[in-house]
Amino acid sequence: MKPLRAIYIIWLRDLKRHFRDRARIVGSLASPIIFVFILGQGLGSTIGNNLPVGGGAVDYKTFMFPGILGMTVLFAGVFASVSIVWDREFGFLKEMLVAPVPSWSIAVGKIISGATIASFQGCIMLLLAPFAGVSLSPLMIAELIPTLFLVACSMTGLGVLVASRLKSMQGFQMIMNFIMMPMFFISGAMFPLANAPAWMDTLSKIDPLTYGVDALRDIMLTDVPSRYAFTTDIGVIILLSVAMLAIAVSTFSRQT
Amino acid sequence: MSTQETALGDNTSDAAVADKDKPHIGAPVIEVDHLTRNFNGFTAVDNISFSVGRKEIFGFLGPNGAGKTTTINMLCTLLKPTSGRATLNGFDVATQQDAVRQSIGIVFQDPTLDDQLTARENLEFHAMLYNVPPGEREARANRVLGMVGLTERARDLVATFSGGMKRRLEIARGLMHYPHVLFLDEPTLGLDPQTRSAIWQHVHELRAEYEITVFLTTHYMEEAENCDRIAIIDNGEIVALDTPGTLKHGVGGDIITLRSADAATTVKELKDKFDLAGIVKPAAADTSGPAGDRIYLEVPNGRTLLPQILKSLTTEILSVAVREPTLDDVFLSLTGKQIRDESVDKMDALKTRIRRRRSMGGHR
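Just so you know, the protein sequences line up as chains A and B, in that order.
Position 56 of the first sequence, counted from 1, bears residue number 56 in this note's numbering, the numbering being contiguous throughout.
Position 337 of the second sequence, counted from 1, bears residue number 337 in this note's numbering, the numbering being contiguous throughout.
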């Protein structure tokens, strides 16, 4: 029961901190909102409502919306779990490390708290669905929330993995440019990958976010078929989450 | 007393009082047996053995880099010993990590509070991590907050606290789970003298109230006088271990400090005219600087010897002082160097700066 208690405590603390910091909640929603309204409207007005996807055609705004959800979860998730670096720098990590709880439970706690925060941010973004021409049924929402959480878990797993290697926040900008931005663009969040060059298509297959965005699209865009079957997406995400979790936990336990 | 330098004189008499009404010290709670720790060929802690009794205030005294923090980290199960064994409250620090951790409270050199939470929240999280029954958490938090004088600030974010308040809160937090041993790693580093003495008052109070063992490290000699026993550690080895009084007694009588216009000639003269060959010690930092003209004498009876010395010397003497030995002298006579050299001071200044920067940084 000790590890479970530790996971719960870390989760509770991170949530308390997150919801106390209103500026951060608003701040992390700013860029997805800009994407939906400016890029969605701007690009949408040239591409129009007949973007060819999987034999059918959809409005660009609608096509992009699940991608923006994926982006929200990616950035919020990695950012939330990289807070381990802050905790280390400000000393609180040491308080947790000397407590009578196993150190892997700290990593797991961070992954789950980050995933909760990231999927919460994703849920807020769902309020913008009408502006993107996506109509959500209660069933869709019931499917979306656990899917968002699963996608978030793989992203926060990545975040904890990165944080175990990162000694200071100065390195974070590099992670942002070299890992998160490519992950976001190659995932097919912003454009269909059907006609993409072969190298991009190959890279997209090892990008966990590809499956996340595809699963979200599968739920929300009922008119057009998605790239992979929904079960394939979810299977791959679970597999990747577990793998990421295992690597992150072992890296984290070793560095301490 | 009249010839003594007053500040130091006060200190020694305080220590004598503390020695007298020292509470009964119980059976060993920490037992260290030939403990060694290497880092890539460098031996930070070299084959040390000692034990600490229940309710004892035990000090680890030595310069920075002597192995104090490494020893604490091993006793707190953060570092595995390279060889040797240590038990704490009967549990082996290498194999029974959780039991040891449950038995100890730790205040590290650098703050480990969450400054985006309130004082009370920090205590609550700690209580949860250490499995304090939910029904007792609030009462314990009130008790420890009252003890360190932070009751009024319990609902404030730690980010708004001063350095001294943070340290007091950390001490309070370390007591939340009623540990058997409280580790304080340089508890007063970077604090002003007033806060420093307040912290010491808390340490004495909590020993009386919680019947707790306190294990602390310091490189402030004046502070080590507060301990029941002191281990002097240098280059990873314990060079002496005893009560402050006995250690000072071991130096042998009084310390005469002379400042001479020509130190070398004076030393020679002293050696010729008095039978002091073995105990004339030029100051440790003899090579350069203002300390270069200082000569230390350890003599059995300074007050009667001094007039004779002054009468017989032909070289010009700039100033003289006679005092009872301090722990500084103990360290000097045991290791041949002074505990606080310039590099230590610089290190302190740096640490204080970092702390200040940290305590100001609200940018997370």
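If you're looking for bench data, these hints aren't it; they were derived computationally from the structure.
Misleading hints may appear alongside valid ones.
What the hints assert, rightly or not - As a list, the in silico EDC-like pairs of lysine to aspartate or glutamate whose alpha-carbon atoms are at most 16 Å apart:
(1) A:K2 x B:D98
(2) A:K167 x A:E89
(3) B:K80 x B:D33
(4) B:K55 x B:E31
(5) A:K94 x B:D110
(6) B:K311 x B:E269
(7) A:K16 x B:E269
(8) A:K16 x B:E121
(9) B:K337 x B:D234
(10) B:K271 x B:E298
Unchecked claim - Chain A side only, calculated, beta carbon under 7 Å to chain B, not exhaustive:
(11) R13
(12) L15
(13) R17
(14) G91
(15) K94
(16) E95
(17) P225
Remember, it's a predicted structure, so these values are computed and weren't measured experimentally.
The C-beta atom is built at its ideal place from N, Cα and C for all residues, glycine as well.
| query | So which hints don't hold here, by number, going up? | reply | Of the numbered hints, 7, 12, 17 do not hold.
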